[in-house]
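Residue numbers (full-length UniProt numbering), protein chains in the order written: chain A, 1 to 257; chain B, 1 to 257; chain C, 1 to 257; chain D, 1 to 257.
Check the hints yourself; a few may be wrong.
[Said to hold, decoys possible] Mimicking SDA-like on lysine to any residue, the simulated pairs with C-alpha atoms at most 25 Å apart in a straight line are: (1) C:LYS73 x A:GLU237; (2) B:LYS232 x D:GLU221; (3) D:LYS228 x C:GLY47; (4) D:LYS183 x C:GLY47.
[As the list claims (entries may be wrong)] Stretch-level coverage of chain B by chain D, calculated; a stretch enters the list once three of its residues show a Cβ under 8 Å from a Cβ in chain D: (5) 196-204; (6) 226-239.
Calculated directly from the structure, the hints in this document are not laboratory data. Note that CB positions come from ideal geometry on N, CA and C, so glycine has one too.
There are 4 protein chains.
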Amino acid sequence: MLKDKDVVFLWSPEKGDTFLLNLEEGAKLDSRLGVINHNDIIGRSYGDGVRTHLGSMFYILRPNVLEFSRRIKRKTQIIFPKEIGMIIVALGVGPGSKVVECGTGSGSLTAALAHFVGDEGKVYTYDRREEFSLLARRNCEKWNVAHRVEFKVKDIAEGFDERDADALFLDVPTPWDYLRQAKEALSPGSRLGILVPTTNQIEKTLEGLNDHGYVDIQVMELFLRYYKTNAKRIRPEDIMVGHTGYLIFASTVRDIT
Amino acid sequence: MLKDKDVVFLWSPEKGDTFLLNLEEGAKLDSRLGVINHNDIIGRSYGDGVRTHLGSMFYILRPNVLEFSRRIKRKTQIIFPKEIGMIIVALGVGPGSKVVECGTGSGSLTAALAHFVGDEGKVYTYDRREEFSLLARRNCEKWNVAHRVEFKVKDIAEGFDERDADALFLDVPTPWDYLRQAKEALSPGSRLGILVPTTNQIEKTLEGLNDHGYVDIQVMELFLRYYKTNAKRIRPEDIMVGHTGYLIFASTVRDIT
Amino acid sequence: MLKDKDVVFLWSPEKGDTFLLNLEEGAKLDSRLGVINHNDIIGRSYGDGVRTHLGSMFYILRPNVLEFSRRIKRKTQIIFPKEIGMIIVALGVGPGSKVVECGTGSGSLTAALAHFVGDEGKVYTYDRREEFSLLARRNCEKWNVAHRVEFKVKDIAEGFDERDADALFLDVPTPWDYLRQAKEALSPGSRLGILVPTTNQIEKTLEGLNDHGYVDIQVMELFLRYYKTNAKRIRPEDIMVGHTGYLIFASTVRDIT
Amino acid sequence: MLKDKDVVFLWSPEKGDTFLLNLEEGAKLDSRLGVINHNDIIGRSYGDGVRTHLGSMFYILRPNVLEFSRRIKRKTQIIFPKEIGMIIVALGVGPGSKVVECGTGSGSLTAALAHFVGDEGKVYTYDRREEFSLLARRNCEKWNVAHRVEFKVKDIAEGFDERDADALFLDVPTPWDYLRQAKEALSPGSRLGILVPTTNQIEKTLEGLNDHGYVDIQVMELFLRYYKTNAKRIRPEDIMVGHTGYLIFASTVRDIT
């Protein structure tokens, strides 16, 4: 039974409109199909329908990471679901993982990582700008995973506080400047992930990874193409995202002395 | 410190050769760069190097789901890492999730799901063919997640044994034949995922999803393009995977009576 | 030296704005960077610059098929340059070719075909709707190739008037209804090209092509991804066209009697 | 009626095997389906069938640029049909065009350009290595377009011999070294096309184009995905070409003095 603070995903069969909502007693949601009272959802269950004051139906669905990261409140470029899935899989993140991340940004990856590490895991996320750290914390609170995250406002040039991290992710403009720090924070044999938007950054990052002795380096990009869902006219959407960023993965090893 | 039964991922700086290994005391690995004794790895740590009898170095890296699902012992078409990442994210799978899957096949998705649900979660996987169920179990045992999986040899036309599943995945030739059964097994408001290789199957699946009252239907495909890792000659690989399958996602709702 | 009726392509170094223009004595072009008098272009040469009344520069470039087909005046979905290039190449169109096309639509492919067949070639284009035929003729006149085209307002269910065509292209909603007619019009051993937007149409087209004895059938789709042109930040554009249509090619053969 | 020296494209309905052939009296073609005597084709027509000595049928189809450029005898990396189509369209090549190209390589683009410029046009192609020039000439002879081409063995660092070219294409490792020479050869307001395989080369090329005052610069890449042609199982081919090269286009303008 749904209660205050629960997260619901609303979907309209009429127009396909969607909302991701933190339930709050007494609150109202405005939509172009009419107003929905949160109180009309509280006490109901996932899978039920709720009507706006104009009579339009919305279905109450379970939220998922894909919708959450797409709809996050943002002040920065976010990391998209297609990349998030690959990052989780390629970094080997899972229940109990200890993951370090920089920068926090709006927290789309932070929240996803916190979802996947579970209550036994931990996410340590760094950003130099306090406003982003606060925004990301609020976003993680909405998703009820903020307790699994340590938000740090700090310049990683000084190094990470953690050692023996299971995975580390860099989403910063000059990742090549922090490869020594990343290596110190990672458990040997573990994976570093990096997202960069330009090929010039791939070049400098690859040079840095080689200089710092990273191994099993992989560079990739993902395309996601949605299709229209009319069974009689199956075809891709006219417009698609052409680029978000390039993903780079590499493993640390012990220095041979 | 690595011990018997641990999983390691070996990577050669010389040729980029890789192996995913379950350590076994006394066992040997044959490679084109020479023989590696498992005993030379046992007692070492991730991040260390180990040499073949011919002197070639392999690094001992932590395994991850990406490499595991790519290298799984298979008798069937497997589900690939790029789809696995999206499936996990779009189905909202995470620690504690109760996930149902059919067919088991070689168990690449089974093992990945079992990895992500953690010890508090559970994966129920169905296949009509006992040989696949056994193969998938062995694959999950290698990855040390078999205890989180119930392997069932059963025709799902009779229905799933589970109710209130958090997510359900169908990788079968005629998913439209099992949409009623899937809906019965899923918790209302939760997501069904489907993989089909052809557009003819998309058509029939979309018709079935509409007939059975599923909502928020999405159809997509993912492309993964690897790049060469020479910093001075950045370019995509000449050849890429052109197609694995189309992913379809939809949510169940309660029937309005 | 540029004169009345010549076609010029204007490009602004300031904002990247572009115009494709038929020069007309005394005419004016309104742009957000100011007004350009056609008379200021007439008498100049390609490669020169011309200034708006506000002092902004536009360069006078040679037009090409790519820009023309992108910028054509349209009342219908047009065929895009990436498909036009492949169609020309796969149909073997060239100087002297005799090409049949249906439907005419806004004439983007008509004009491109007329460009490539030269003065020794001929394009026969069919459309049931006179308004499209007229629009396409005006577009071809702008490109100075209308004299190479016969515009026919006619239902191709009754068959094409031509025989021994070197190539034939169908851009109609139900191409499978006209495969007999296409075969009659084509020279044996020559190629038919088809554009369809949905996979359901691919299915019916392939069935029809097999029924009518076409051989060497090929189905393909093309993706075109533009990159930003800042040398220090090389990356694809954020948004790209996700779909225009599927191209199908097949050859006719003589019926064995 | 087919005669000595004609080009035919053979296609087997049995296995999809294909051959591009210059007919030669008395010659034989070996295939895994048996031997075909050229004399059995001479005197027949396009669209007819011919049988191997083992009774397998091949259809005699009209050749096209797509198949020719794919099947060209090569000693170098060739330019592929998907790029050729875009190059022709973006450079505005057509009947009567005067086109300059470097390097000649195996002549796949040379032959395609020669096809499209017709008997009123001309292609001037440069390569430093005589063996490529000779190979390309033989390839163009097979396609019966060699009379439209001037093959030059010369280093373009010294400049091109031509002035007022309608279009110029560079397929060389360091195109940025020849941008002055290209500008001198091109008619003002006309287009330069460049193919480079790496992003590092895009970077240097963009810098050079800006330094030399080129305008309307465009960078793009094309993907071509083939589909299987079974109407009941429509799906892309498993494997596709992931990369051939990046296309860069830019226009020359008159220097303002």
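Right, here's what the structure says about each hint:
1. C:LYS73 x A:GLU237: Roughly 24 Å separates the two Cα atoms, so the pair holds.
2. B:LYS232 x D:GLU221: Roughly 19 Å between the alpha carbons, so the hint for B:LYS232 and D:GLU221 holds.
3. D:LYS228 x C:GLY47: violated (46 Å)
4. D:LYS183 x C:GLY47: holds (11 Å)
5. 196-204: Result for this restraint: holds, n = 4.
6. 226-239: Our answer is that it holds, as 9 residues pass the Cβ test (under 8 Å) against chain D, meeting three.
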